[in-house]
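So the sequences go chain by chain: A and B.
Residue 1 is where the first sequence starts when you use this note's numbering, and the numbers rise one by one after that.
Residue 1 is where the second sequence starts when you use this note's numbering, and the numbers rise one by one after that.
What the hints contain is simulated information worked out from the structure, not anything from laboratory work.
Incorrect hints may appear among the rest.
Claimed, not checked - Derived contacts from chain B toward chain A, CB cut-off under 10 Å, selection only:
1. T3
2. P4
3. L5
4. A36
5. K98
6. R99
Values in this document were obtained by computation on a predicted structure and should not be read as measured data.
Heads up, the beta-carbon is just placed ideally off N, CA and C, and yes, glycines get one too.
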Amino acid sequence: MTSHLVTITEPSYRLLAMVPSGHGAGYAAIETPLFPIDWGVKSRIAGPPRKRLPVLIRILEWYRPDVLLVEDIDERICRRGRATRRMVRQLHQAAEARGIAVRPVARRAVWEHFKFDRRPTKVDVAHAVAQRLPELQSRLPPVRKLWMSEAHVMPMFDAFSLILTAARIE
Amino acid sequence: MATPLPSYLRSFRKQCGFSQPELAALLGFRTHKSVARHERGAGVPSFEAVVVLEQLFQVRYCDLFPAATRDCEFQLLIRAEIMLARLDWTRPRHSAVKRRLLERVRRRLDYQHRHRS
Chain A
1 MTSHLVTITE PSYRLLAMVP SGHGAGYAAI ETPLFPIDWG VKSRIAGPPR KRLPVLIRIL
61 EWYRPDVLLV EDIDERICRR GRATRRMVRQ LHQAAEARGI AVRPVARRAV WEHFKFDRRP
121 TKVDVAHAVA QRLPELQSRL PPVRKLWMSE AHVMPMFDAF SLILTAARIE
Chain B
1 MATPLPSYLR SFRKQCGFSQ PELAALLGFR THKSVARHER GAGVPSFEAV VVLEQLFQVR
61 YCDLFPAATR DCEFQLLIRA EIMLARLDWT RPRHSAVKRR LLERVRRRLD YQHRHRS
């Protein structure tokens, strides 16, 4: 009678990844082992960093992750712009000020984690992520033509790729 | 270990691919505002909504709304303690049954609390 009332849950850790980009920011949050709790793109926050940062900090404060994952902007192959790099640094500081551990994840580590034969594109990484998380299949962008700009959901897939790499989820 | 979020409704909704208006329609709400409110963990859903959500996502209430569940359990623990202290020992047969039940509740909630923290 009482067994179903015992609500013991396994200890889990919450990981939040944030990937600011030129036209917004993608984020993804999971609880270990692999329970995606939220994901999305904040695409209406283009503008100077002083306007964009509070939006991301609100997400950070809501999820209160154990670890915040960001892209390693000191990596040599990182091609992020100056404003995006500044925003990543500000996020780093904001998380540390709130007692949240921050772990930069290198893009090269993502490529190694997903075991690509060749140097992958962002779309390749997005497809690899969607294979592991079927709920993201519907968000996969169409095949990009030369004249098309990057899909606005791409930072969200980047955020998931950081999480899967950092948590070593195959 | 992370403290649970007030509500995991958003997670389950997104995993199933529902939008807020779609879920509101399934729950019988007129607008999606109630869904948004429950996703923020503000307010407790009605009994009818809870039954629908449990059937829809095949999860227990305590997994959907851990914060509200914890609040209820804490309130129950306090009330059980008060009742235990006030048990009428002039009617020992009735009191013994109640006492056993209340102590079992207290043990179970203590156990859950220790394993969560």
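Hint check: 10 Å Cβ-Cβ cutoff, B:K98 to chain A: Because about 16 Å separates B:K98 from the closest Cβ in chain A, which is outside the 10 Å limit, the hint is violated.
Status of the B:P4 interface restraint (C-beta, 10 Å, chain A): Constraint on B:P4 satisfied, holds at 8 Å.
Restraint satisfaction for B:A36 [CB to CB of chain A, less than 10 Å]: violated (13 Å)
Closest C-beta approach of B:L5 to chain A relative to 10 Å, hint status: holds (7 Å)
Restraint satisfaction for B:R99 [CB to CB of chain A, less than 10 Å]: violated (16 Å)
Residue hint B:T3, partner chain A, criterion CB-CB below 10 Å: holds (7 Å)
The structure fails to meet hints 4, 5, 6 from the earlier list, while all remaining hints are met.
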